[in-house]
Each structure stands twice: as structure tokens, then as C-alpha cells.
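Novice: So the protein lines, in turn, are chains E and S.
This note's numbering applies: residue 1 is where the first sequence begins, and numbers increase by one.
This note's numbering applies: residue 1 is where the second sequence begins, and numbers increase by one.
Keep in mind that the hints were calculated from the coordinates and are not lab data.
Since the structure is predicted, the reported quantities are computational estimates derived from the model, not experimental observations.
Glycine residues also receive a C-beta, built at the ideal position from the N, C-alpha and C atoms.
It is possible that part of the hints are untrue.
What the hints assert, rightly or not - Heads up, incomplete: computed chain S residues facing chain E, CB under 7 Å, no partners named: (1) MET1; (2) GLN6; (3) SER7; (4) ARG11; (5) PHE42; (6) LYS45; (7) PRO79; (8) LEU81; (9) ILE82; (10) GLY108; (11) SER319.
What the hints assert, rightly or not - Quick look at which bits of chain E chain S covers, simulated, 3 or more residues with Cβ under 8 Å: (12) 3-9; (13) 105-111; (14) 239-246; (15) 320-334.
Said to hold, decoys possible - With a straight-line cut-off of 27 Å between C-alpha atoms, the simulated DSSO-like cross-links for lysine-lysine are: (16) LYS166(E) with LYS375(S); (17) LYS45(S) with LYS35(S); (18) LYS36(S) with LYS45(E); (19) LYS45(S) with LYS66(S); (20) LYS45(S) with LYS332(E); (21) LYS36(E) with LYS184(E); (22) LYS166(E) with LYS45(S); (23) LYS66(S) with LYS44(S); (24) LYS166(E) with LYS184(E); (25) LYS44(E) with LYS166(S); (26) LYS66(E) with LYS36(E); (27) LYS44(E) with LYS208(S); (28) LYS45(E) with LYS184(S); (29) LYS355(S) with LYS208(S); (30) LYS184(E) with LYS222(E); (31) LYS332(E) with LYS35(S).
Single-letter residue listing:
There are 2 protein chains.
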Amino acid sequence: MNTLHQSFSVRFTYDVYFSDRLFETSNPTFLNFLKKNHSEGFRKKLLFILDEGVTIGHPDLLDEIKAYFANLSIVDLVPDLIVIPGGEGAKNDPALVEQLVDAIDRHGIDRHSYVVAVGGGSVLDLVGYVAAISHRGIRHIRIPTTVLSQNDSGIGVKNGVNYRGKKNFLGSFAPPTAVFNDPKFLTTLDDRDWRAGISEAIKVALIKDQAFFEWMEANAEKLATRDLNAMQYLIHRCAELHLNHIASGDPFEMGSSRPLDFGHWSAHKLEQLTDFEVRHGEAVAIGIALDSLYSQRLGWLSEADANRILNLERALGFSLFHPALEGDGVLKGLNEFREHLGGQLTIMLLTALGKGQEVHEMDLSRIREVIGILKENEIQPA
Amino acid sequence: MNTLHQSFSVRFTYDVYFSDRLFETSNPTFLNFLKKNHSEGFRKKLLFILDEGVTIGHPDLLDEIKAYFANLSIVDLVPDLIVIPGGEGAKNDPALVEQLVDAIDRHGIDRHSYVVAVGGGSVLDLVGYVAAISHRGIRHIRIPTTVLSQNDSGIGVKNGVNYRGKKNFLGSFAPPTAVFNDPKFLTTLDDRDWRAGISEAIKVALIKDQAFFEWMEANAEKLATRDLNAMQYLIHRCAELHLNHIASGDPFEMGSSRPLDFGHWSAHKLEQLTDFEVRHGEAVAIGIALDSLYSQRLGWLSEADANRILNLERALGFSLFHPALEGDGVLKGLNEFREHLGGQLTIMLLTALGKGQEVHEMDLSRIREVIGILKENEIQPA
Numbered sequence: 001m002n003t004l005h006q007s008f009s010v011r012f013t014y015d016v017y018f019s020d021r022l023f024e025t026s027n028p029t030f031l032n033f034l035k036k037n038h039s040e041g042f043r044k045k046l047l048f049i050l051d052e053g054v055t056i057g058h059p060d061l062l063d064e065i066k067a068y069f070a071n072l073s074i075v076d077l078v079p080d081l082i083v084i085p086g087g088e089g090a091k092n093d094p095a096l097v098e099q100l101v102d103a104i105d106r107h108g109i110d111r112h113s114y115v116v117a118v119g120g121g122s123v124l125d126l127v128g129y130v131a132a133i134s135h136r137g138i139r140h141i142r143i144p145t146t147v148l149s150q151n152d153s154g155i156g157v158k159n160g161v162n163y164r165g166k167k168n169f170l171g172s173f174a175p176p177t178a179v180f181n182d183p184k185f186l187t188t189l190d191d192r193d194w195r196a197g198i199s200e201a202i203k204v205a206l207i208k209d210q211a212f213f214e215w216m217e218a219n220a221e222k223l224a225t226r227d228l229n230a231m232q233y234l235i236h237r238c239a240e241l242h243l244n245h246i247a248s249g250d251p252f253e254m255g256s257s258r259p260l261d262f263g264h265w266s267a268h269k270l271e272q273l274t275d276f277e278v279r280h281g282e283a284v285a286i287g288i289a290l291d292s293l294y295s296q297r298l299g300w301l302s303e304a305d306a307n308r309i310l311n312l313e314r315a316l317g318f319s320l321f322h323p324a325l326e327g328d329g330v331l332k333g334l335n336e337f338r339e340h341l342g343g344q345l346t347i348m349l350l351t352a353l354g355k356g357q358e359v360h361e362m363d364l365s366r367i368r369e370v371i372g373i374l375k376e377n378e379i380q381p382a
Numbered sequence: 001m002n003t004l005h006q007s008f009s010v011r012f013t014y015d016v017y018f019s020d021r022l023f024e025t026s027n028p029t030f031l032n033f034l035k036k037n038h039s040e041g042f043r044k045k046l047l048f049i050l051d052e053g054v055t056i057g058h059p060d061l062l063d064e065i066k067a068y069f070a071n072l073s074i075v076d077l078v079p080d081l082i083v084i085p086g087g088e089g090a091k092n093d094p095a096l097v098e099q100l101v102d103a104i105d106r107h108g109i110d111r112h113s114y115v116v117a118v119g120g121g122s123v124l125d126l127v128g129y130v131a132a133i134s135h136r137g138i139r140h141i142r143i144p145t146t147v148l149s150q151n152d153s154g155i156g157v158k159n160g161v162n163y164r165g166k167k168n169f170l171g172s173f174a175p176p177t178a179v180f181n182d183p184k185f186l187t188t189l190d191d192r193d194w195r196a197g198i199s200e201a202i203k204v205a206l207i208k209d210q211a212f213f214e215w216m217e218a219n220a221e222k223l224a225t226r227d228l229n230a231m232q233y234l235i236h237r238c239a240e241l242h243l244n245h246i247a248s249g250d251p252f253e254m255g256s257s258r259p260l261d262f263g264h265w266s267a268h269k270l271e272q273l274t275d276f277e278v279r280h281g282e283a284v285a286i287g288i289a290l291d292s293l294y295s296q297r298l299g300w301l302s303e304a305d306a307n308r309i310l311n312l313e314r315a316l317g318f319s320l321f322h323p324a325l326e327g328d329g330v331l332k333g334l335n336e337f338r339e340h341l342g343g344q345l346t347i348m349l350l351t352a353l354g355k356g357q358e359v360h361e362m363d364l365s366r367i368r369e370v371i372g373i374l375k376e377n378e379i380q381p382a
């Protein structure tokens, strides 16, 4: 009997809104989104799941949310706002997955209701995963509260949790229904989190947009001293580049190429080797330095350009070496990255500021050499 | 700052192959698929997960598979073929999900390797779910072994497991990489499973293809007496209609409409109420009878056409009543179906043989009336 061929496309759309003080009752942004997606005669439910750290930094937030949705005729806020611990630990705890699945079941959240996650990247990853697997995918709204999640992870299409210490071993590709970036949340970040998120902007600028890189050079001091306007511009531009990349490439990463993972193969491993004491963005800053110097030793990037990259990172306050880089641990990350990608290793390197180039192998002794240089620089900054 | 708009499409393609004795070493079908998807210089892994019932019915199967993949240079068969219990119980057991995720981890199955499921719908649903959530989606190949899975569930895009007794509460939409339908597996089905799978063909014929319905009327005796050629035609045509429906509609069911779920709202509940003693296809046969009679009582379907439907089902050996239909249990299924769909209830009914029409409400007293008729008919068959 003849073979049957199946072929179809699925269209995904969502908006990323930028709005200050999202849950002040006078702010119409969220309400307008709900109105636009309202179906006559049917009240959708909203289940909020919040990052504990955010509720501590913003003690009025829970009450603000309750007040914002009180008396709205088009949605029903589930009155039980769920607060969970944030940070990488949240992604390591299977009991949290179960707690959230139970909440979806208990509150009768269906595929047309919304699960709203408020928090840093880990909480968004965890809640996105739970929403994606419940009822074969419940609509989820992301309200990222860190630089990293507002400019990168929170606006993308991935979710995931760790499994027996393996980062994002369980997860899926599931675009959000909407993303709301509120700068108010950035004001209470600690300095490490403020800084760490900038590394994803450096990354995307280096592979895609030299002008954005040069904007960061010109604004490094403002960024380092927590100028909120500069940070809002950085987040908006980084998010825009990221969204364009997803839409124009391979959104669900069916191929082996992962161009946005510049600087990431070593970063993932460094996080794991340090039990996530080194935060993702901090690890990415080191990974960028490593792969930039590697690109230079390969003869692809000029010494002047490589130094510009390292100098920008230092001006922002990043440390570019960690003792866990020594030994074989990080080198093993290369193989784990290959396995996660599937099959062929594909690593992005640089041929110029704003221009990436993929390779399919890296030389271990040259990586060791570059790590040695990073270590020396750390002891006697250039 | 201005809102960023994201929009992209993801294309999914897969083939459904029909081939007798798939793992005889002389059969090139599976090998040709692997060759077509081979990447030079890289050996993909194949992890097989099999339904225990199938390995009992086909005691040589494990050895045949090992022999088929021995000495192939383009793939590596994971020598540990995993055998798991089949049937609805498999979808109720979280330990099985964990066992399979562990196997994927332990054997280093990456996103470009294949997880191959051989079995009935439950095993395919379970394995498809595990493949979908591991590494954010590993390629999976389905080899359905029952009528129901070869003509319906196994060729579609859904997977799922049950959660605390709630059917398919956890799951996702994840198209397979390929499907292989081998009629050899049908020869060892028990009569109930042979028959049960036919109800999905009746269903799709009733809402889409009158000629196919009439072909079944003409071939009812052959189908009832296990004519393998007739069954192969039925499966091929049913699969074709099903694939066309998915591709032309809303593959990931983002809207509320579920036209292929004709006869299913009561069927899902009946399975649950009987602890899955009533099999899915048997429950669907009853659900079809119920919704056909309901369509007739609504004045949409002629009495003659309603009788043709019931008579075909009886000729195939289906029982059209079950005591669990009495009481309020099944009626509750209407609300659960609404919740699973999300928001608005959408039920497919019939206006003619081969022509469906959606409604958004059903009258409970009329449903009770129809259940009464089904009960009477059962006592004194028309």
C-alpha cells in the first residue's frame, strides 16, 4: 500500500510588551491584552505563580495583582496566588513540578485559561514546562523579572527543568502567549543579577550587531552604575535581536545549529561544576571571553577586537576566570553539549565584532591555552 | 518602548509507511528510511521500547530486530531492547515515565537519535510523551501494532499519560518522525482489539466520507471475520482521512474545535467509569451510537441513516450499551470534556452520513432519553 505523506505548518505568534508598573490599576497594558483575547460569554481563568524572591523584593505585589484583577468581568483570577522558591534550585526539584501540576488540576485550569509566571529565568522555565505538559499545553504568560529573563530566556520559546543534575534534560519548545517586561522589577535586583544579564546582550551583539556592541562600549559606565534607561534600551534591543533570530532560523532547533549559543558550551558546564554558584550570565561572560580568545588564536579575530570584548566585560564588572575552568571538567562540557545538540558538535566562534562563524570541532590543547591566558589576566589584569 | 511582535511558522513532515514483515532482513523499508535521513560521518542511535504483549504474541520479534540492525554502518542499535507492560495501565504508572527517561539518559540518546516505540496506543502515547519531554524533544518513530493505533492514534501528533486517573492530563503535541504500519502485528490481536479499532474508521467516515462508510457496510462481514486485506484497506483509508484532517485543520488544537472527537465525550468517561474494562474503541462505538441517535432526535439525521449506523456497528459485533451509561457519571463527562478542550464546549454531531456539524451545548434530558433507547435495544435488538 502506498506511503502516506504528512506535512503541515503551525503558526505561533506572541507579543512582548514593555510597560512600567504593570499592576498599577491605572496601567491598561495587561487588561488590553486580555480584552483583545476575550471570547464573548466565557471567562478565562488566570493562575499566577510567583518567584518568592520577587515577592520579597516587592512586598506589595500580591496585593497589587489581586487589586488589578478584582471586579474584572472578563477573567477570573484564581485567588490562591502560588509563591515558589526561585533560582536554579527550583529547576532541580521534581516536587515543585508536581505541586504546580496539582494546582492546575485543582483549579480547573483549561487550555484556554492562562498560567502566568512572574520571576527569574528558573521560575519561568519551570512554570513554562508545567504549562506545556498539562492538558497538552496551557497558554502561558511570562512576566520576567531579571535582566537575563527580560532580554533572553523569558522572551524565547524554550522551557525546561533539570533531571538528576542534568540541566534542562526535561523540557520542550512552547512559545508563550505573551510576555510583559516591567522595568520596576529590575530596581530590586542585586548587583550580580543586574550585571549577569548583560552578557546575553554582549553575546547577541557579537554575533549579529556590531553597532549594538559599540553602543554597549559607549554606555558601559552607565550600565555598570545601574542607569535604568540605559538598561531598558539594552533589554529592548537584545530582545528584538533574539526574537528576530528565532523567527528567521530554526525556532524548535530541529537541526544541529545553535548560533545563539555562542559562549555557552563552557558556560553550561561551569555553572554545573560550581553547583550554580556561578550564575548563568556570569558563566556566559567567561564563555564569551574564552571563545573570543579562541577565535583570536585561530587567527579569525584581531587581537584588538578580542581585547575590546574582554575590556567591555571588565568595564561592566565581570570576572573572566574561575578556578573550575582548570582541570578536565569544562572540557567534558564540549561532549555534553554535542550530545544535547544531537550528533554533530556545532560551536559558534567570531570572525569579527558582530559576525559569527560556526565550527564543528575545537582543539582541546588550544582551549587549555586560552584558559591559561584568562587565568594570567585575572592575576594581573591587562 | 514599543511592543515587539513575534511570528513564525514551524513545518512538520513525516511519512506513514505500510509494509508487511518490517523486520525481515530482506525488507528494505526501515533501512531506506534510515538511509534517507543519514548524515555523513555520524551514526545515530536507535532505542527500542516494546509493548510486552507484542513480544509475547511475536516471540521472535526481539531477535528479528537485533538481526535487522546488526552490521548496519549508519546506525547503532542500543542492544538493551526495553520491554514494558502495555494497555491503559502503562499510562497510569509514573514509574514507567521515569524508567524510560533514565534509559534515554543512560544510553546517551540525543536529539538526533531515534526512540522507536512498538506497541498499542498506550505504549505509543507513553513513549511519545517521554521522547517529547527529553532533551526538549527526541525524534521518535512509531510502530503501531493494533488496528486503533495503526489507523488513528499512532499516526497522529498527540502523546500523553494519565495523572491521578485523569486521562491524558499530561502530554503534548509532538509529530513523529515516521510511522511504520505492519499488518503482521494484526494477526495476533484478540477479537476485541481487532474489532475495537474499527470504530475510529466508522467515526471518521461518518463525519467526512460517506463512500468509506458504505464500503464498510459492504465489507462488514469480511471485517467481522478477520479478513486481513479488508482490514488493511480500512486502516490505510482511515489513516489517510485522519492525516488530511490534521494537516488541513488545527494540528495542535489551539482553538476549541475538535471535529475528530465525534462520539468521544461519552467514550472517554465510559472508559474511566469502567476502569478501562471497556476499551477505547468499544467505548467510541457506544459514543457514536449515542451521538448518532442524539442527532436523529434533534431532527438532523434521518431515522434510516441512524439505523444504518447502529446496524453497521452491530454487524461488526459491537455492543451498544453498557450499564455504566446509567446514572450521572457519563453526563459529568460532558463538563470534563469542556474543561479538557478549554472553555467552550464543542461537540460534533451528524447532519447526514459523511457530514458533521458542531454544537456548543447538549441537552441532558435528551441524552438520558437516548441512553434509554440504547438500553432497550440491547435487551431486544432491533
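Novice: Now, for every hint given, state plainly whether the structure supports it.
Specialist: Structure-based check of all given hints:
For MET1(S), the interface hint holds, since its Cβ comes within 7 Å of a Cβ in chain E; the closest pair sits about 4 Å apart. Because the beta carbon of GLN6(S) sits about 5 Å from the nearest beta carbon in chain E, less than 7 Å, this interface hint is met. About 4 Å separates the beta-carbon of SER7(S) from the nearest beta-carbon of chain E, less than 7 Å, and the hint is met. Interface hint at ARG11(S): satisfied, since its Cβ lies 5 Å from the closest Cβ of chain E, which is below the 7 Å cut-off.
A cut of 7 Å between beta carbons decides the hint on PHE42(S): the least distance to chain E is about 5 Å, and the hint holds. The interface hint given for LYS45(S) is violated, since its Cβ lies 10 Å from the closest Cβ of chain E, which is over the 7 Å cut-off. Interface restraint check for PRO79(S): the shortest CB-CB distance to chain E comes to about 19 Å, outside 7 Å, so the restraint is violated. At about 22 Å, the closest approach between the beta carbon of LEU81(S) and any beta carbon in chain E exceeds 7 Å, and the interface hint on this residue is violated.
About 18 Å separates the beta-carbon of ILE82(S) from the nearest beta-carbon of chain E, more than 7 Å, and the hint is not met. The beta carbon of GLY108(S) is positioned within 7 Å of a beta carbon in chain E (closest approach about 6 Å), and the interface hint is therefore held. Hint status for SER319(S): violated, given a least beta-carbon distance of 31 Å to chain E, over 7 Å. Coverage of the segment 3-9 of chain E by chain S holds. Counting CB-CB distances below 8 Å, 7 residues qualify, and the rule asks for three or more.
Coverage of the segment 105-111 of chain E by chain S holds [criterion: at least 3 residues with CB-CB distance below 8 Å; count 4]. Coverage of the segment 239-246 of chain E by chain S holds [criterion: at least 3 residues with CB-CB distance below 8 Å; count 4]. Residue count for the segment 320-334 of chain E with a Cβ under 8 Å from a Cβ of chain S: 0. That is fewer than the three needed, and the coverage hint is violated. Our distance criterion of 27 Å between C-alpha atoms is broken by LYS166(E) and LYS375(S), whose separation comes to about 55 Å.
In summary, the hint linking LYS45(S) to LYS35(S) is supported, as the alpha carbons are separated by about 13 Å, within the 27 Å threshold. For the proposed pair LYS36(S) and LYS45(E), the alpha carbon gap of about 47 Å is over 27 Å, so the pair is violated. Using a Cα cut-off of 27 Å, the hinted pair LYS45(S) and LYS66(S) holds, with the two alpha carbons roughly 13 Å apart. Straight-line distance between C-alpha atoms of LYS45(S) and LYS332(E) comes to about 21 Å, which keeps the hinted pair within the 27 Å bound.
With a C-alpha separation of about 25 Å, the suggested pair LYS36(E) and LYS184(E) falls inside the 27 Å cut-off, and the hint holds. For the proposed pair LYS166(E) and LYS45(S), the alpha carbon gap of about 20 Å is at most 27 Å, so the pair holds. Distance restraint check for LYS66(S) and LYS44(S): the Cα-Cα separation of roughly 16 Å lies within the 27 Å cut-off, and the hinted pair is therefore satisfied. About 33 Å separates the Cα atoms of LYS166(E) and LYS184(E), which puts this hinted pair outside 27 Å; it is violated.
With a C-alpha separation of about 21 Å, the suggested pairing of LYS44(E) with LYS166(S) holds against the 27 Å cut-off. For the suggested pair LYS66(E) and LYS36(E), the alpha carbons sit about 21 Å apart, so the restraint of at most 27 Å is met. For the hint pairing LYS44(E) with LYS208(S), the CA-to-CA distance comes to about 32 Å; that exceeds 27 Å, so the pair is violated. A C-alpha spacing of about 48 Å is found between LYS45(E) and LYS184(S), which places the hinted pair above 27 Å, so the restraint is violated.
A threshold of 27 Å between alpha carbons decides the hint, and for LYS355(S) with LYS208(S) the separation of about 6 Å falls inside it, so the pair holds. Taking the CA atoms of LYS184(E) and LYS222(E), the gap is near 18 Å; set against the 27 Å cutoff, the hint holds. A distance of roughly 31 Å separates the Cα atoms of LYS332(E) and LYS35(S); the hinted pair therefore is violated under the 27 Å criterion.
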